[in-house]
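**Student:** Chains as they are written, first to last, in the working numbering: chain A, 1 to 111; chain B, 1001 to 1114.
Everything labelled a hint here was simulated from the structure, so no lab data went into it. All of these numbers come straight from a predicted model, not from anything done at the bench. Incorrect hints may appear among the rest.
Footprint (simulated), chain A over chain B, 3 or more residues, beta carbon under 8 Å [unchecked claim]:
| id | stretch |
| --- | --- |
| 1 | 1032 to 1043 |
| 2 | 1054 to 1063 |
| 3 | 1101 to 1112 |
Quick partial rundown of chain B residues pointing at chain A, CB under 8 Å, derived from the structure [stated by the list, open to error]:
| id | residue |
| --- | --- |
| 4 | 1048 |
| 5 | 1050 |
| 6 | 1090 |
Just so you know, even glycine gets a beta-carbon here, dropped at the ideal spot from N, CA and C.
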Amino acid sequence: QQKVQQSPESLIVPEGAMTSLNCTFSDSASQYFAWYRQHSGKAPKALMSIFSNGEKEEGRFTIHLNKASLHFSLHIRDSQPSDSALYLCAVSRTNTNKVVFGTGTRLQVLP
Amino acid sequence: EAAVTQSPRNKVAVTGGKVTLSCNQTNNHNNMYWYRQDTGHGLRLIHYSYGAGSTEKGDIPDGYKASRPSQENFSLILELATPSQTSVYFCASGDAGTANERLFFGHGTKLSVL
Chain A
1 QQKVQQSPES
11 LIVPEGAMTS
21 LNCTFSDSAS
31 QYFAWYRQHS
41 GKAPKALMSI
51 FSNGEKEEGR
61 FTIHLNKASL
71 HFSLHIRDSQ
81 PSDSALYLCA
91 VSRTNTNKVV
101 FGTGTRLQVL
111 P
Chain B
1001 EAAVTQSPRN
1011 KVAVTGGKVT
1021 LSCNQTNNHN
1031 NMYWYRQDTG
1041 HGLRLIHYSY
1051 GAGSTEKGDI
1061 PDGYKASRPS
1071 QENFSLILEL
1081 ATPSQTSVYF
1091 CASGDAGTAN
1101 ERLFFGHGTK
1111 LSVL
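Chain B extracted, bound-state conformation:
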């Protein structure tokens, strides 16, 4: 099965600090995604990428940046963290345009901004 690895597993940050969440996939998928999950909201798309060097805004991009330096790595950056960004963040990867398209998720990063 496809492997998606996120780091760190847990993070406590201070308001106004910079936070970087990292994601690595070893399955050569073109597309990668960052979602956040909060009770009552399901998974909300923050940023996504078609491949190395590309980033696209999702539905809730404000306060977040993304970076895709290689096929394998996709980072989510919070330049000035706020308490409203306390959440569980999931990275996912998947093939586009195939009949069996599905996303594979990492185990999640629990972020607390104090």
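So here's chain A without its partners, still in its complex pose:
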């Protein structure tokens, strides 16, 4: 059974800071890696995803994936108070379509 763990559990950063969130997974055959963001009382919403080793950047958000280390991360440049939310990582094998989520990191960005 796929195990997906996130760290830290919670994080408080000042506005303008670089924020780094981590996700580790147990299934080395995983092929889909994604980050979702959930504001309080709302549904989770996809931020970005990556399929191959390396880095992918979209605006202020960057994903790093290292399959050999069973680890990927999300980096938020110039963090904003509107980035305050629960961040969830997700992993799956595309041939099974079973998408498993991590336990979440709660981020608070102080003005």
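Let chain A serve as the given structure and place chain B on it in line with the hints.
**Tutor:** Below, chain B alone, put in the same frame as chain A:
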């Protein structure tokens, strides 16, 4: 954007009663999912489906059944509800095997079992 609609938004049930949570998507996605969310546990997968007529067990299927009668609809059934099933339930849908694969979530159903 993809639309996923859950009903009801809120539900109060009695222990031992039957509860059915419904989910409808209008984007012709093959895959649909049911998750529950509890503090400290993120989203945990209960059941999922590849298409009409199929259901697969997720990581925490005990006490739950699922039904996918059509491409658009996916239901979660609690035959004998227990207080431990008090939670927020999210339905999601998404395309499989595409480079831009992502899940789209409904707004959630808050279930309280008394």
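**Student:** Work down the list of hints and note, for each, if the structure agrees.
**Tutor:** For each hint, the structure was consulted:
{"no.": "1", "hint": "1032 to 1043", "in the structure": "holds (count 6)"}
{"no.": "2", "hint": "1054 to 1063", "in the structure": "holds (count 3)"}
{"no.": "3", "hint": "1101 to 1112", "in the structure": "holds (count 8)"}
{"no.": "4", "hint": "1048", "in the structure": "holds, 6 Å"}
{"no.": "5", "hint": "1050", "in the structure": "holds, 6 Å"}
{"no.": "6", "hint": "1090", "in the structure": "holds, 6 Å"}
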